[in-house]
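Q: Chains as they are written, first to last, in the numbering used here: chain A, -15 to 243; chain B, 591 to 783; chain C, 1343 to 1913.
By construction, these hints were calculated from the structure, which means they are not laboratory data.
Values in this document were obtained by computation on a predicted structure and should not be read as measured data.
A virtual CB, placed ideally from N, CA and C, is assigned to each residue, including glycine.
Warning: the hint list may mix true and false statements.
Claimed, not checked - Okay, the calculated bits of chain C under chain A, using three or more residues with CB under 8 Å as the criterion:
#1 1417 to 1425
#2 1639 to 1652
#3 1674 to 1681
#4 1691 to 1703
#5 1796 to 1806
#6 1831 to 1841
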Amino acid sequence: MIEYYVQSASSFAGDIDNLFLVITLIIGFWFFLVFGIFIYLMVRYRRKDGVKAKYITGEKHSETKWTHYPHYAVVAFDVVIIAINILVWVDIKQTLPPRDNLVRVIGQQWSWSFIHAGPDGELDTPDDVATVNDLHLKVGDTYHYELQSRDVLHNFAVPAFRLRQDAVPGRTISGWFKPTKTGTFDLQCAEMCGYGHGIMGAAVTVHSEESFNATMAQIQKGSYESHYQKRMGTKTDLPSKTSHIGKEDSFAALLASIF
Amino acid sequence: MSMRGPIATHRSATGIPTGRLAIWWLLASEVFIFGGLIACFVLFKLNGTPGFEDASLTSVTAGAINTFVLLTSSLSVVLAHAAIEKGDREKSFKYIWYTIGFGLVFLIIKTYEYTGKIIHGHTITDNLFWSFYYTMTGLHALHVIGGMVIMALISFDIRKGYNFQRVELIGIYWHFVDLVWIFLFPLFYIANF
Amino acid sequence: MSQEAATVQTDIHEEHHEELNFLHKYILPTDHKIIAMQYIFTGMIMAIIGGYFAYAFRMQLAFPGELVPFYGLVGPGEYNMLVTNHGTIMIFWVAMPVLIAGFGNYIIPLMIGCDDMVFPRLNRLSYQIFLVSALVLILSFFVKGGGFGGAWTSYPPLSSAAEYSLTDWGSSLWVLAVALEFVSFLLGGINFITTTMNARAPGMKMMDIPIAVWFIVLAVILFMASVGPLIAGAVMLFMDQRIGTTFFLPSGGGDPLLWQHLFWFFGHPEVYVVLLPTLGIVADIITVFARKKLFGYRTVLYTAFATGGLSFVVWAHHQFIAGIDPRMANVFVVTTVLISIPLAEMMFSYIATLYGGSIEFKTPMLWALSFLAAFLIGGVTGIYLGASALDVYFHDSYFVLAHFHYTFFPITIIGMFAAITYWFPKMFGRMMNETLGKIHFWGTFIPFNCIFLPLFFLGLAGQHRRIYNYNHFPDLATQELQDIRVFATASLVVMLFFQLIFIYNFFVSMFKGEKAPNNPWKANSLEWSIPSPPPHGNFKTLPTVYRGPYEFSAPGRDLDYWPQNEPPEKS
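Given these sequences and hints, build the entire structure.
A: In structure tokens:
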């Protein structure tokens, strides 16, 4: 269901989408059942002249079984949900599979810096490639990320990957993802970080191997055109035709021009 | 003769005097406030946060004297309660003021401690240990002062012949203030635990 | 038979018979009914402010960059201030004062059969501190830098340093206002619990207390037990802001996550603190208008205890991806999903109360039933968020926002209207207009769903929260999504217009409404056994209670209700 709205572009996006589906089926069943009974009771037992209400204490077993047994069934379904969730969670957050590639993500008020590991696969070496607001990834590589913040809490969020992780100042938080589709996707900051929280987007571009190598080379040479800038520049105008978009964007343009 | 006056002092469906219920309730909420601060302090310490070895810089002597002073003050407030139970207003008045006196001694010693530390540069912003030290002992001291003021007001009431039940209530509060100090003393004065 | 003698002829009329002057009656009252009105009116005024803020930021979302009529331009900082204070106001200055302090103050002494709260002057002080807290919050909007904009959760380091938040005194006044509100409610809570425990009329056993009273008292207990650590945290945050301590700043050895734990340790029980009073009021309303005994009084009570207890061990589901140890997250998944169980049983019991009933759809009943319907949606969508793996996608998205509005809106707004329409006759001695009441109901309930149901889909589309303009996110800047935003905003404007009907109905009925009898709804609890409005001192003679409050349609009786204080039939 989520895939209807957002592309599923990472290896674990499908797991998360499936979990959503399972939970939807379970609670959907319960919701419609209970809601149906609720509506039925309101209609069936609406006031009619001469008809007196029943006197039911809800303390006899013959009465309470109607709430007790469904409540045990709820427990059973809850266990199923917990179990599936733990399986997915352990995979996406508790374990770090062996990596093919490495990137450092640094959030600050109000932009993102990315240090790509370069061909040697290690960070803090001379072949690292640094960008602002532009993350470049190779499709099919399992990436580890090192997430940091320079000031306040931020959150590294890529909806297409079904990925979110808070960035906490004073720490480096590790995680992983594996992009499975090429394309350019939104990166968001998903933790309130102040005045510029609403402009703290970035572009995530997933490349094929050749495209990736070419782009990295371009950045090194200095002939690189920011995908983020391109994306922001060519977005379609929103239906609010008289919107003063330029006025709001001036702040973003100002910050972007600094980098 | 019909029942008049506030329900608080006259009726009790549970049998427990309402004032006592209220004080215990108040103390429960205070336990959570001080407990929260203490839990944070302990967590930072267990985490090995730098600065917490400064507990060795606080004066164990001053802390111990203060502990003794507060314990004695708890005794005097108990005696005040015992006296008013027997109806001896003057004696109770006297013991309440002994308690206030002990509170004053406590505050004087604390002032001496604070002054000494601040002069040596251990202000509230020095490191996290000192931030907690001043915050928690300061909050405690505010509760001591508050208790002293209320005790004084109650002493005048009882001398005029009313609200005797409040001696017990302020006594319970005072024991709590004492108890908080019993927790603070090892945390801030004894470095290794 | 000694039953006649058991009715204690105790005159509990107050000692001072002289009429109080205006100052002491309305500005400095100790009468719980007047204090209740003070809380309710203050809460309603704050609701207007909170609603106005929502209007302003939703207009910005629907028409980004345009001047909002009756507001002005909503830029990025302004937007953050609006969403922050909308949330803060609605929870602390609307939900709590109206439902807990307001209606709690009004109904508790009346429902348990006594003349006032046991500590009337403490009650007055609680309101005064509350009023100061509201004024401090409003002051924060006018200081240099403007009001605080770091979200109602106020996470440091953003909230602890003016260089990050850009709202120097705005942040500190916000913290101060919240801390004062906490103190006010702690003091108020003392009154609620001691009064309910000790001032019950003779014959009223614990299991004869109406659920509305039980649940308000339970809420106050939960509040007391959960707020302490956050008061500690607020003191620490204030000190970080103003004097340079580093409790929450990593540069000085502090930890930003500590605040989160302190906040949510309170924050999660807090949602049950606001939920329980509404649930209790709804129980009382549906029993009256279905003419049926509450299904399983004890079950309802025990599930409430279980929910309250469990609410203390679920807090970190707000922090699944905050940087806590991922292994810890599993513990909180288990507790969070499990808390749905007692709550589900309670909902089943409420719905079962309708079975075999004789349901009359008067306005209070419409509100009570709609609460159950909307809260059902809110509750089940919470399950998604309790699953940590899904929370990875939904954290800080509009899915969360839609979930909590499907819980908070029923709790606060529907609960408020249910309580007001139900007790208005008692409070003011006049009936509200039933037709206007129904129009207002539909004009609120339908638009409410139109605002928040679409927001689930925005959340599914990955839309994140607290963003003043989605133009900066190309995947979210599509026509389809913008249409949803406009639709939601339009629904809000429609809903706001319908509130005018309520305001008209409320004030006109107060003066011109049909005079209300003692017991217009034919209910059983003690407040309906005295005149509307109640006289000073409430009960001329202390009532004696013979049964629980839900004896409706009892077999062998002509009348389908049985007031609690009516002596049993002589054989």
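Q: Hint by hint, say whether it matches the structure.
A: Against the structure, the hints come out as follows:
Here the stretch 1417 to 1425 of chain C counts 5 residues with a CB under 8 Å from a CB of chain A, which clears the bar of 3, and the coverage holds. Evaluation of the coverage hint for the stretch 1639 to 1652 of chain C: fulfilled, as 3 residues show C-beta separations to chain A shorter than 8 Å, against a requirement of three. Only when three residues or more bring their CB closer than 8 Å to a CB of chain A does the claim for the stretch 1674 to 1681 of chain C stand; here the count is 4, and the claim holds. Judged by the Cβ-Cβ criterion of 8 Å, the stretch 1691 to 1703 of chain C is covered by chain A as claimed, because 12 of its residues qualify and three suffice.
Closer than 8 Å: that is the beta-carbon criterion, and the stretch 1796 to 1806 of chain C has 5 residues meeting it against chain A, so the requirement of 3 holds. Judged by the Cβ-Cβ criterion of 8 Å, the stretch 1831 to 1841 of chain C is not covered by chain A as claimed, because only 0 of its residues qualify and three are needed.
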